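*Asks:* Same order as they appear, the protein sequences are chains A and B. Counting from 239, one number per residue, gives the positions in the first sequence under the working numbering. Counting from 239, one number per residue, gives the positions in the second sequence under the working numbering.
FYI, nobody ran anything at the bench for these hints, they're computed from the structure. There may be inaccurate statements among the hints.
To be verified - In silico DSSO-like cross-links for lysine-lysine, where the CA-CA straight-line distance does not exceed 27 Å:
(1) A:K295 with A:K506
(2) A:K506 with A:K409
(3) A:K506 with A:K650
(4) B:K328 with B:K506
(5) B:K295 with B:K328
(6) B:K327 with B:K295
(7) B:K506 with B:K651
(8) B:K295 with B:K530
(9) B:K650 with B:K506
(10) B:K295 with B:K506
(11) B:K530 with B:K506
(12) A:K506 with B:K650
(13) A:K409 with B:K409
(14) A:K382 with B:K409
(15) A:K506 with A:K327
(16) A:K506 with A:K530
(17) A:K382 with B:K382
(18) A:K530 with A:K502
(19) B:K506 with A:K650
(20) A:K409 with B:K382
(21) B:K530 with A:K530
Predicted model, so just to flag it, every value in this text is computed and none were measured.
There are 2 protein chains.
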Amino acid sequence: LNTGDEAALQELLNSQNISDIAALIDEYPEYTSQVMSTLAVHRAASVFKILDINAQKTIVRELHSSRTAALLNELPADDRTDFLEELPKKVIRDLIKLLDPEERKITLSLLGYPEDSVGRLMTPEYVYLSIHNTVAQAFEIIRKVGVHMETIDVVYVVNEHGELVDDIRIKDLILAEPHARMDQITDDRVIALNVHDDQEHASQVFKMNNRVALPVTDDYNILLGIVTIDDILWVADEEYSEDMQKIGGTEALNEPYLNISFPKLIQKRVGWLVILFLSEMLTSSAMQFFAKELEAAIMLSFFVPLIMSSGGNSGSQASTLIIQAMTVGEVRLSDWWRVMRREILSGLTLGGILGFIGFVRIAFWHYMMAHGIMQDVYGEHWIELGLAVGFTLVGVVLWGTFSGSMLPMVLKKLGADPAVSSAPFVSTLVDVTGLIIYFSVAYIFLHQLFVQAA
Amino acid sequence: LNTGDEAALQELLNSQNISDIAALIDEYPEYTSQVMSTLAVHRAASVFKILDINAQKTIVRELHSSRTAALLNELPADDRTDFLEELPKKVIRDLIKLLDPEERKITLSLLGYPEDSVGRLMTPEYVYLSIHNTVAQAFEIIRKVGVHMETIDVVYVVNEHGELVDDIRIKDLILAEPHARMDQITDDRVIALNVHDDQEHASQVFKMNNRVALPVTDDYNILLGIVTIDDILWVADEEYSEDMQKIGGTEALNEPYLNISFPKLIQKRVGWLVILFLSEMLTSSAMQFFAKELEAAIMLSFFVPLIMSSGGNSGSQASTLIIQAMTVGEVRLSDWWRVMRREILSGLTLGGILGFIGFVRIAFWHYMMAHGIMQDVYGEHWIELGLAVGFTLVGVVLWGTFSGSMLPMVLKKLGADPAVSSAPFVSTLVDVTGLIIYFSVAYIFLHQLFVQAA
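Chain A with its partners taken away, still in its complex shape (with noise of 0.2 Å):
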């Protein structure tokens, strides 16, 4: 790279594979412009595609302003749109002058649609024939303006009000007899998305119907254009990305971890910490408000910490399972009375279970601390302590797996994305609930020894 042989540089990148020079350019940041400037226009068009935002911006910035117009002319419209997307208004402006009239069009159409529908992801590079073109037609046409499209290996049918009929695999053309009209090979079962779909939903589609694209209309069923398989393998790492930072309490980065700058980093995890502290404080206030039961019987403080990560344990073990279950579809709002049986009895269950744990122990130490192996902090009151303790845990575990299944339902009923009802909110809930469920059933169980105190 850096002997400046320019030939050699060109002969070595030509050799390589696109993905091959991107890593090349994230070792390396200090030659991306000399790398880019280098390479084919069409091949440095697909690196940039698989780039960070950040190497992006770079280039951008570096290039001459030629050769920037030439990349972005060459980009596919949808990753085009997705890149401008990321930049301040008037980095936008500036640079969309450099698009050929056509491409300005294009582009600023897909900017119009909402972020995250499939309008986003579409691009306007297919072939498109007519109900009325044979097969020997259609493959001229292929030839004739396949060269720029991104992918030809379907094509699609529509009729002379541009409305879709048909999508065809390249394959079944090739296989058709050269005479046959479209409408003859046509087999009318065309799977089409809407250009204002969600793109989770573009997601689902594709899984279920195996396809390597899908033809995109708008309401009157007219063709816009369509999405590519390989773009929503983009899509899915980008939610799985969101989803997985909501679930930590945390907002969506939307940047990689090592590139986001310090401050930004704080602001978009503080927000949540400090709303959740806030709330949490309400368990210093049930402390206090059972302050008099608690210098009555200090042993009941020990089991607090356990008490309260039960409750959480088990309500973040329900709340990702069926935040899972609902994003891959698999449980549907309509569900929500099979899920809450389920969660109900498993809340029994699994209560029953530590509930038993937690009295075996509560006995086991007693025993050891009677026979002297330890010093006695639980005194003679140590079976209705255990009673306290295991049934406190069969309460807030039932509790805690019922509210961590149901919030994320009652929050996508509202509207609201299930994954915000993540691990650390459910505890939240739960802590409070949790310490005012342990001192009633300890008020049920100690009851004499609060009397003989006051």
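Since the structure of chain A is provided, determine the placement of chain B on it from the hints.
*Replies:* Quick look at chain B alone, frame taken from chain A:
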């Protein structure tokens, strides 16, 4: 359906998309075998592919064995392997007997590759050409053998030893001169997967290279089969589900939530819950150890839940951020030093903010208590208590983010799945150590009080 009018049913089914038929079977499981035997066998195979494992089992059990044989033979080899994998050994043996000799050979060889390897996703249904073929010959071959292929969007060129030379998109073939020889239109930039590669790795390669199919070779570059991108979309979904379930603190269910039997659901969930419960018992021991300090200053116990949950929340935030960043390849093990530096700084900043809020809260309540609005429970040592809680929060949040971010990297380094170091585990770790930090800090500030009480 229940009129028994076979012809009408057949017509109805032929006009439906396969995803609609799958939905139909989901809704009316009692008609499964009737629907499957009415469908044309190649469409029945497409429906079978996307049904869940329980519906698949029902079909194989209920369908006439000649029909089952036709269905299994029609199924793409990779999906067939995937299905067989889920069955008991004895059933596999019986079903394999139903296959054609050729299909049997393929299935047995695919079953020989490890789960989660590219080998399992491979299909032997692809078109390959010799480097000596012309474009015209290529189309002849495609017409002859292409009918039965899962995809012919890309064809593969091999040399006389069967070694993979290049992949050619059908688009380039259509656009090429009919007389051109394969070695004239190849560009020698082929991307291939190794048959033993991890499926997760394959998903990355697809993402970075914008292909709909990739060839699979053995260690000697011999072409064995291809992997298509639609299978990769399923892999991505499956991984997502598994990661989520681990992060929620449960074993991967490997079955849809509503289909898994209740005893199995409990079995998958109870293991980690009990392990976490037993570890969390250490908090009771820690609290008992500080019993005297607690008795001397009962107000210390009020803040135990608040401090523990703050440590847990910051820890789960850090761990999910890092697990997610590692999964999508944004953070590598070699970045550990940069991650640690970032997380220590984040922990100090976030802890400082929460600590400040905690101190202000105690000061505010003291003010209300001093003015008789609430009962005074903090006493004259409220400043010391506030400082103890504030500094503990800095320490606990710092420790939470530090261990939450480093644990996934340590696990990965040791060859384990980072997703196992999920929120619940980090919380448990931070809970026990958080208590020790709390009482140590309290000892510094409230030393005098403890001495008095003693």
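*Asks:* Confirm or reject each hint.
*Replies:* Each hint tested on the structure:
no.: 1; hint: A:K295 with A:K506; in the structure: holds, 22 Å
no.: 2; hint: A:K506 with A:K409; in the structure: violated, 49 Å
no.: 3; hint: A:K506 with A:K650; in the structure: holds, 23 Å
no.: 4; hint: B:K328 with B:K506; in the structure: holds, 25 Å
no.: 5; hint: B:K295 with B:K328; in the structure: holds, 14 Å
no.: 6; hint: B:K327 with B:K295; in the structure: holds, 14 Å
no.: 7; hint: B:K506 with B:K651; in the structure: holds, 26 Å
no.: 8; hint: B:K295 with B:K530; in the structure: violated, 62 Å
no.: 9; hint: B:K650 with B:K506; in the structure: holds, 23 Å
no.: 10; hint: B:K295 with B:K506; in the structure: holds, 22 Å
no.: 11; hint: B:K530 with B:K506; in the structure: violated, 40 Å
no.: 12; hint: A:K506 with B:K650; in the structure: holds, 26 Å
no.: 13; hint: A:K409 with B:K409; in the structure: holds, 11 Å
no.: 14; hint: A:K382 with B:K409; in the structure: holds, 12 Å
no.: 15; hint: A:K506 with A:K327; in the structure: holds, 22 Å
no.: 16; hint: A:K506 with A:K530; in the structure: violated, 40 Å
no.: 17; hint: A:K382 with B:K382; in the structure: holds, 26 Å
no.: 18; hint: A:K530 with A:K502; in the structure: violated, 45 Å
no.: 19; hint: B:K506 with A:K650; in the structure: holds, 26 Å
no.: 20; hint: A:K409 with B:K382; in the structure: holds, 12 Å
no.: 21; hint: B:K530 with A:K530; in the structure: holds, 17 Å
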